[in-house]
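Novice: These are the residues of each chain, in order.
Number of protein chains: 2
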Amino acid sequence: MMPTKILLPEDELPTRWYNVLHDLPTPPPPVLHPGTGQPIGPDDLAPLFPMELILQEVSQEQYVDIPGEVLDVYRLWRPSPLYRAHRLEKALDTPARIYYKYEGVSPAGSHKPNTAVPQAYYNAKSGVRKLTTETGAGQWGTALAFACAQFGLDCEVWQVRASYDQKPYRRTMMQVFGATVHPSPSELTAAGRKILAETPDSTGSLGIAISEAVEAAVQDPEVHYALGSVLNHVLLHQTVIGEEALIQLAMVGETPDLIVGCTGGGSNFGGLAFPFLREKWAGRMSPVLRAVEPAACPSLTQGTYAYDFGDTIGLTPLMKMHTLGHDFVPDPIHAGGLRYHGMSPLISHLYETGEIEAVAKPQSECFAAGVQFARTEGIVPAPEPTHALAAAVEEALHCKESGEEKVILTALCGHGHLDLAAYNAYLSNTIIDRNWEDADIQSAVAAALTRLPALS
Amino acid sequence: MMPTKILLPEDELPTRWYNVLHDLPTPPPPVLHPGTGQPIGPDDLAPLFPMELILQEVSQEQYVDIPGEVLDVYRLWRPSPLYRAHRLEKALDTPARIYYKYEGVSPAGSHKPNTAVPQAYYNAKSGVRKLTTETGAGQWGTALAFACAQFGLDCEVWQVRASYDQKPYRRTMMQVFGATVHPSPSELTAAGRKILAETPDSTGSLGIAISEAVEAAVQDPEVHYALGSVLNHVLLHQTVIGEEALIQLAMVGETPDLIVGCTGGGSNFGGLAFPFLREKWAGRMSPVLRAVEPAACPSLTQGTYAYDFGDTIGLTPLMKMHTLGHDFVPDPIHAGGLRYHGMSPLISHLYETGEIEAVAKPQSECFAAGVQFARTEGIVPAPEPTHALAAAVEEALHCKESGEEKVILTALCGHGHLDLAAYNAYLSNTIIDRNWEDADIQSAVAAALTRLPALS
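Protein chains in written order, with our numbering: chain B, 1 to 456; chain Y, 1 to 456.
So here's chain B without its partners, still in its complex pose (with noise of 0.2 Å):
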């Protein structure tokens, strides 16, 4: 029988992330300077970032080699198991050969130490001394706070006050990997503190944690800011997920015919994908890539793909790319990992010129296809994950009907160990499902846009 789990040895782990800046058919449009119009230099950049990670996010190199104080702590974990999913094929009877490839193996759970460990180790080795960050439930909070204390560098991290409150146990996850964790908002910063004297009970925002972690990164050159998604150096670092996919696929004689991954920024569908796409375009294979989203907050499917803001009050440069408007207040689904307004500019860039697919899930459909996944393969997975669960379940049973034997390969970014109010959730049938009309998406889209500053 072939193996349950295909394990690539760790002298095989990639050394070098993959570039998709370098193949692309069509380059993708600049990022602009809210004040001028013009594209953003690296300049503008070095306040929040090393000159390490600025070079990498406008790189146009094929590859970018891996540094081995990364690789050494990337072994911890990686390279993270292929999985072939007989039981769910079974419970399913479906010839469709369904792979998973899975990183919840990581220190934090899911994806996000991939590239929270080269940012950590780039700003250690540029004499920087702490790393701040905003997090929502707190994952890739978690990942920051792991990575910084194999740099010794101190982690700051604005958590949103109603998971501050509500989901302790992502904190104190931070806590124990020696991170400083603060409600958000709060009295650190001149935003919370505007903030709070406006609306002292304040819950919180992912925007207002960017603003605290900004302000209080660009106030002292010893510190710095990272992020966890959209950008391209996040998404370059996460191609370590294909590159090793694509070698352990090849150990067991396998091509995808469709690669699923949801996405929420972009940077686990990317990182997943991308190397695929490289192989696509030399072709090598021929796999369809279908992003999956939340119908809730349906950035590719039903966003407008426009210039705007990565945050929500406008402190970013301007990005073209699928946007649902950047003061856009997703439903509060459990997959918290996917709601954000907008979508990577270069997933975003794939998208629009035909390269991936996109299609949204609600939520209960996502949680039915998780519990039947953790009941038959015994990996409870995140709520995020869940949905390309849903969707490789969809196509294993079409598969089922027509009797085609495709081979498909999913993401599954991270475990649900600190979901299960959501699993309890959806047992209990208290989930909300949420289908936005085109028309109603669209207006506020519109509307959100004429926000911006006029652009020249």
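Hints are supplied without guarantee of correctness; some may be wrong.
Treat identical chains as interchangeable: a pair holds within one or across any two.
[To be verified] Okay, derived cross-link-like pairs now, DSBU-like style, lysine-lysine, Cα gap no bigger than 30 Å in a straight line:
1) Lys125 to Lys5
2) Lys400 to Lys90
3) Lys167 to Lys5
4) Lys167 to Lys280
5) Lys130 to Lys90
6) Lys90 to Lys125
7) Lys194 to Lys90
8) Lys406 to Lys280
9) Lys130 to Lys406
10) Lys406 to Lys90
11) Lys194 to Lys130
12) Lys125 to Lys280
13) Lys406 to Lys5
14) Lys406 to Lys320
15) Lys5 to Lys280
16) Lys167 to Lys400
17) Lys320 to Lys90
18) Lys406 to Lys194
19) Lys280 to Lys320
20) Lys194 to Lys167
21) Lys194 to Lys125
What the hints contain is simulated information worked out from the structure, not anything from laboratory work. Note that this is a predicted model, so its numbers are computed, not measured.
Fit chain Y to the known structure of chain B by using the hints.
Specialist: Same frame as chain B, but now just chain Y:
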């Protein structure tokens, strides 16, 4: 550099469990019927367990073949990884080489599924429809819920009321795997109704929950009961851990000088240690085997070696073991899996005959080791295995002083993703240590043993 992860290929998964009874230098004392004082026979256990498990309980064969259906489920996570703790060693500045065998990769997040899966398999094969069990914090209940889902069995769990109310996430995880979970005491059994009549707001105990699960099992021939530690067949199933670790250490040319594991009922420690004891008795290595127990529940280091009940209210046969008295109530330490008044008869016999050592550790020292481990190795350990980590760190620091390059093998039996409230207590300095005076323990044990039935 030596690899961080020593991965055993899936086709080298052990196909036999090792039965330490075959090789014991002296046989252990028999288990006695509390009514007759005579050794119990298979028929005494038939209302609770299928005959194949009863025969494994008393088998003298050196090896028991693992059924193919059990191996198929084991392959979801087995062989489990063996890690070299490079980054912990560096932080300790020790010449010792520290390895940890990690069982947190299993569906329940601990070593418990190693026995839950074969127990569910043999029961399903014997025509049983449902398994009942008790659980405290929920590790064992989760493992059995998962195992029952694999073989189409119903699973009914009585969870101690205090845990049921205060730690809802383990309950949810059992429900995700398909189990029905009741708070104990419940109105569903005579035992539960009796307790509730006397104490309507009872928060329950493991002893009461055992009574309810056993009562529900014996009333229906299609329902059996399952136990997660202590018994010979449970320790037999766990030897798959040690058999894998033996091969993995040999792959990197290492022989252990010290093996440390935490002990509650004894199945984690026995599972790792027994195959190494076989090698020791065969003259192929000479490791020290050290059990580590909580100072708040020191059955090996301060208990009495005597016949006692396995449960609190006296339903089980009498087992000769190290005991704190069947009505001993340990402090509510965070390592719930180590809060048991007795010790597996096999482990007790090996301790009494000088084959293994034991030490007791206060929980604050254990959490300190757990936090250091998380910050270096990236895995947040469950409170139980932090006891083994504390002993490993202690030995590694001795090696730093002496310059000895000892090889230390540690049983890391589970992750702490559902134990973060315990870490929060530690980081908030609200952990309480309890060290028993020998005299206090011994008078308590003596009093408990006077309440036993007279043995002929």
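Novice: Tell me the hint numbers this structure goes against, listed in increasing order.
Specialist: As far as the earlier hints go, 3, 4, 7, 9, 12, 14, 16, 17, 18 and 21 are violated by this structure, in ascending order.
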